[in-house]
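Participant: If you want the building blocks of each chain, they are given just below.
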Amino acid sequence: MLRKIRLTLAVLFFIAVTALFLDFTGTIHAWLGWTAKIQFLPALLVLNVGVIVALVLLTLLFGRIYCSVICPLGVMQDIVSWISGKRKKMKYRFSYSPERKWLRYGVLGVFIGNLIAGIGSFVAVLAPYSTYGRIASNLFAPLYRWGNNLLAYFAERADSYAFYETEVWMKGLPTFLIAILTFLIIGVLAWRNGRTYCNTICLVGTVLGFLSRFSLFRITIDESKCNRCGLCARKCKAACMDGKGHQVDYSRCVACMDCIGTCKHGAIGFRLRTKRKKGPMTEYTGQRTGSEQADNTRRSFLTATALVTATATLKAQEKKVDGGLAAIVDKKIPGRATPIVPPGAKSLRNVATHCTACQLCVSVCPNDVLRPSTDLKTLMQPEASYERGYCRPECTKCSEVCPAGAILKITVADKSAIQIGHAVWVKENCVPLTDGVDCGNCARHCPAGAIQMVPSDPDEDDSPRIPVVNTERCIGCGACENLCPARPFSAIYVEGHERHRII
Amino acid sequence: MSEQKDINRREFLKRLGIGTAATSTALAGCDRKNHSMAAGRMAQGEVPTDSMSYRTNPKTGEKVSVLGYGCMRWPMKPVDDGNGEVIDQEAVNELIDYALAHGINYFDTAPPYCQGLSEKATGIALKRHPRNSYYIATKMSNHRLVGQGLSPQELFDASVQMYRNSFRDLQTDYIDYYLLHIVGMGEGLPTLMERFFDNDLLDFLLKEREAGRIRNLGFSYHGDIRAFDYLLSRHDEFHWDFVQIQMNYMDYRHASGRNFNAEYLYTELDRRNIPVVVMEPLLGGRLAGLTDHLNARLKQFRPEESIASWAFRFAGSFPRVLTVLSGMTYMEHLQDNIRTFAPLDPCTDEEFALLEDTVQTMLKYPSVPCTACQYCMPCPYGLDISGIFVHYNKCINEGNVISSSQDENYRKARRAFLVGYDRSVPRLRQANHCIGCNQCVHHCPQSIDIPAQMQRIDHFVEQLKKEKL
Numbered sequence: 000m001l002r003k004i005r006l007t008l009a010v011l012f013f014i015a016v017t018a019l020f021l022d023f024t025g026t027i028h029a030w031l032g033w034t035a036k037i038q039f040l041p042a043l044l045v046l047n048v049g050v051i052v053a054l055v056l057l058t059l060l061f062g063r064i065y066c067s068v069i070c071p072l073g074v075m076q077d078i079v080s081w082i083s084g085k086r087k088k089m090k091y092r093f094s095y096s097p098e099r100k101w102l103r104y105g106v107l108g109v110f111i112g113n114l115i116a117g118i119g120s121f122v123a124v125l126a127p128y129s130t131y132g133r134i135a136s137n138l139f140a141p142l143y144r145w146g147n148n149l150l151a152y153f154a155e156r157a158d159s160y161a162f163y164e165t166e167v168w169m170k171g172l173p174t175f176l177i178a179i180l181t182f183l184i185i186g187v188l189a190w191r192n193g194r195t196y197c198n199t200i201c202l203v204g205t206v207l208g209f210l211s212r213f214s215l216f217r218i219t220i221d222e223s224k225c226n227r228c229g230l231c232a233r234k235c236k237a238a239c240m241d242g243k244g245h246q247v248d249y250s251r252c253v254a255c256m257d258c259i260g261t262c263k264h265g266a267i268g269f270r271l272r273t274k275r276k277k278g279p280m281t282e283y284t285g286q287r288t289g290s291e292q293a294d295n296t297r298r299s300f301l302t303a304t305a306l307v308t309a310t311a312t313l314k315a316q317e318k319k320v321d322g323g324l325a326a327i328v329d330k331k332i333p334g335r336a337t338p339i340v341p342p343g344a345k346s347l348r349n350v351a352t353h354c355t356a357c358q359l360c361v362s363v364c365p366n367d368v369l370r371p372s373t374d375l376k377t378l379m380q381p382e383a384s385y386e387r388g389y390c391r392p393e394c395t396k397c398s399e400v401c402p403a404g405a406i407l408k409i410t411v412a413d414k415s416a417i418q419i420g421h422a423v424w425v426k427e428n429c430v431p432l433t434d435g436v437d438c439g440n441c442a443r444h445c446p447a448g449a450i451q452m453v454p455s456d457p458d459e460d461d462s463p464r465i466p467v468v469n470t471e472r473c474i475g476c477g478a479c480e481n482l483c484p485a486r487p488f489s490a491i492y493v494e495g496h497e498r499h500r501i502i
Numbered sequence: 000m001s002e003q004k005d006i007n008r009r010e011f012l013k014r015l016g017i018g019t020a021a022t023s024t025a026l027a028g029c030d031r032k033n034h035s036m037a038a039g040r041m042a043q044g045e046v047p048t049d050s051m052s053y054r055t056n057p058k059t060g061e062k063v064s065v066l067g068y069g070c071m072r073w074p075m076k077p078v079d080d081g082n083g084e085v086i087d088q089e090a091v092n093e094l095i096d097y098a099l100a101h102g103i104n105y106f107d108t109a110p111p112y113c114q115g116l117s118e119k120a121t122g123i124a125l126k127r128h129p130r131n132s133y134y135i136a137t138k139m140s141n142h143r144l145v146g147q148g149l150s151p152q153e154l155f156d157a158s159v160q161m162y163r164n165s166f167r168d169l170q171t172d173y174i175d176y177y178l179l180h181i182v183g184m185g186e187g188l189p190t191l192m193e194r195f196f197d198n199d200l201l202d203f204l205l206k207e208r209e210a211g212r213i214r215n216l217g218f219s220y221h222g223d224i225r226a227f228d229y230l231l232s233r234h235d236e237f238h239w240d241f242v243q244i245q246m247n248y249m250d251y252r253h254a255s256g257r258n259f260n261a262e263y264l265y266t267e268l269d270r271r272n273i274p275v276v277v278m279e280p281l282l283g284g285r286l287a288g289l290t291d292h293l294n295a296r297l298k299q300f301r302p303e304e305s306i307a308s309w310a311f312r313f314a315g316s317f318p319r320v321l322t323v324l325s326g327m328t329y330m331e332h333l334q335d336n337i338r339t340f341a342p343l344d345p346c347t348d349e350e351f352a353l354l355e356d357t358v359q360t361m362l363k364y365p366s367v368p369c370t371a372c373q374y375c376m377p378c379p380y381g382l383d384i385s386g387i388f389v390h391y392n393k394c395i396n397e398g399n400v401i402s403s404s405q406d407e408n409y410r411k412a413r414r415a416f417l418v419g420y421d422r423s424v425p426r427l428r429q430a431n432h433c434i435g436c437n438q439c440v441h442h443c444p445q446s447i448d449i450p451a452q453m454q455r456i457d458h459f460v461e462q463l464k465k466e467k468l
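Quick mapping for you: the protein sequence lines, in order, are chains A and B. Oh and the first sequence: position 35 is 34 in numbering that gives the first Met the number 0, straight run, nothing missing. Oh and the second sequence: position 346 is 345 in numbering that gives the first Met the number 0, straight run, nothing missing.
Derived from the structure by calculation, the hints contain no laboratory data. No false leads were slipped in.
With a cut-off of at most 25 Å between alpha-carbon atoms, the simulated DSS-like pairs for lysine-lysine come out as follows:
id	chain 1	residue 1	chain 2	residue 2
1	B	363	B	393
2	B	464	A	408
3	A	90	A	243
4	A	87	A	3
5	A	408	B	467
6	A	331	A	376
7	A	224	A	90
8	B	393	B	465
9	A	408	B	465
10	B	119	B	76
11	B	465	A	345
12	A	243	A	100
Model, not experiment: these values are computed from the prediction.
This is chain A alone, in the form it adopts within the complex:
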């Protein structure tokens, strides 16, 4: 029964969190956005005391329920492990192994050090929820979107507006590779040994494991009923059950309840600690058994700095015939001295210290503005660029979804007054000067009215008109950069600001 409840809740949470990363319409966040906000590490970073206290209390009461129900990476491993267990003779494939304290606390120590030092990328790589987020947004979301596009294809032919096509594109190569790599490594570990990752590397697992040692309810073995068959240990994906020694390592037990039903003698139960009758509860002391060693894999990451964009050459020709479409060259990312982070992020530093790189903001950005950074220091954390779209005035999606406080909630009204960067004019690319035609598309689309068109020659009123930017009014949304007709490099682009300002 307990197991069924755990399974039901776990599946619901898993679907909910996954849906957050797959949904590009922004509708699901209104209902299920909280499932991301109750994740341990993001809540810690955003100093969400309520959630932290609740999770701590939950763990002190029932053990690591968080790990087996709420954490999507944990549930994902359970799913992999479950499929693996469907193989012949693999149902009881686990065995007890001792705790690797030095590894667990070592990783935790390094992590806390980095957190204090504000090195976001290391935090990002290890955070479990974010790891899952990267896997979901990089590996699952494209499949989901292709599926959606297929439906959109049919919908279009059925004259229905139920589905619309979305663009699937490689948002950041390093993040993509890291997502693949972590998926493979964690997947293989789970396939073979269940929760190895959670009980050796995962820092949330280490912290909650420390707390769950003292949990009120816990798995206990009734020694009077146990015949030391050891079946429970072979069913324990956390490798924390020493059935023969009647011991459970509560720091690693994720309260999955699998063992309860496994015991043919009803010796195992999930009971209140004080109700224990048979002897005082002894904490597991680290007994050595010959168990198979879990792999501890060191990972190395690739970074690539450039995205390859295919460019077609524009056929510059006189119009002699009717019809047809001119080729459009893809825009390229201009070199920016300071990266742009979205409104609500407050400053580069705030993002660097809070963001766990879960990619939720990147997944929901409807304008294809946000993508994971490729810079080593801010690796996988979001940054904005405007080749595909711009930060539209009516959208505050990323600020709504961020669970970690890297992008704080703003309203549409706030957004119109937050300066995240400023536009810079590039004379050599400006169409009125290069093509000799009227333009002003940047000025026409500036939501802040920060761009004016003025004669390029102050003495001649009918000289080609060029844009001038009032950097005090500019909010850095990138409408000008995105809608500039100059290609592949726009004649106006946005430089980011280290700290955002209210104007």
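Please build the complex by placing chain B on the supplied structure of chain A, with the hints as guidance.
Facilitator: Chain B only, in chain A's frame:
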């Protein structure tokens, strides 16, 4: 002339219940009793092959089908390497074979049509039939050459080159109907002078007519009425054999932009006994897709006929009209039009009044009077100008252009407009990329202020996106 009467009888798709259900009146002599569905017969019956209506060219005595084939909208297909598109020659061959087999004998093309590919494709398809079974119309499209600093002699040479290219591409040694293309465009009368008079090009063409290489000489008109009046004022000298004008139940009394009401144009031509060739009878398809209300009203009168048939019957009802051109891209359009013209059932006075009333309602909608002729394209900044207008007009007809968020179907209409917009026009080719360079404006035969319309639509889209209507 011989009319193709060996008929390739074809089976047709059932089009039960579809709005374009067409005529039974065209099936003259068809016994209604034998028309039952239970017998497995098709509701519409076959497209008639032997009842096309014809008009006589007073000069040559030849009989021209009242339905003429416009070769400006041939079906296109993407090039294999994905860059650009070419004409789907097989489809063109099929359409032309079918048209000839059903009595159409007038084919109207021009050098710039279909990205410059129309003449060649039309020539290939027609070459497969006896030269005396059809009439070819093409044009002197040297309006593309003016304004480039050519001297009169250079312009003359380039124009003659264009003239000769038409013979080569159409694979013929004479042209039945040759037109001074789009007279009245550009700056109007001055442009006309530059194109045909200052360089004596018209003299050359008149001599070609004498020599028989041009059998009928005429002109097509859009825009500046002075150019039209000027050419007609010298009719005694030039003896125009025909004139092509834009005429439909909208333009008859309510021409948009710089265009002149067709009523005036037709009356002037009729007075001089000049045969009239009608172009844009359907306003580029706009008169085929009306709002639900107007659609239902016309359907009530003639439930089995298409909405498009009204526009064609309107144009064909004028006796001085020699032929009515339709750019039929699809076999279904061709079949529907053949049903309308085989034979033609002219509009009654009551029907004329109904159409005028239809126009009065249409004028209340903010549609863009674009006929999707694509003269404005390619836009150097990549916009799909006609695609944007087509989508906008379609949404107006379907009630998806709303004026306020208080409208009861606001959500649905907003979604239909925005999702449909991304579907019909790639994002990089949408109205917000119009920079207002104005290069397209003087190409538009409907004198639409394209950049202004783009900004209007862009503004509407922005309001929809921001939900600020």
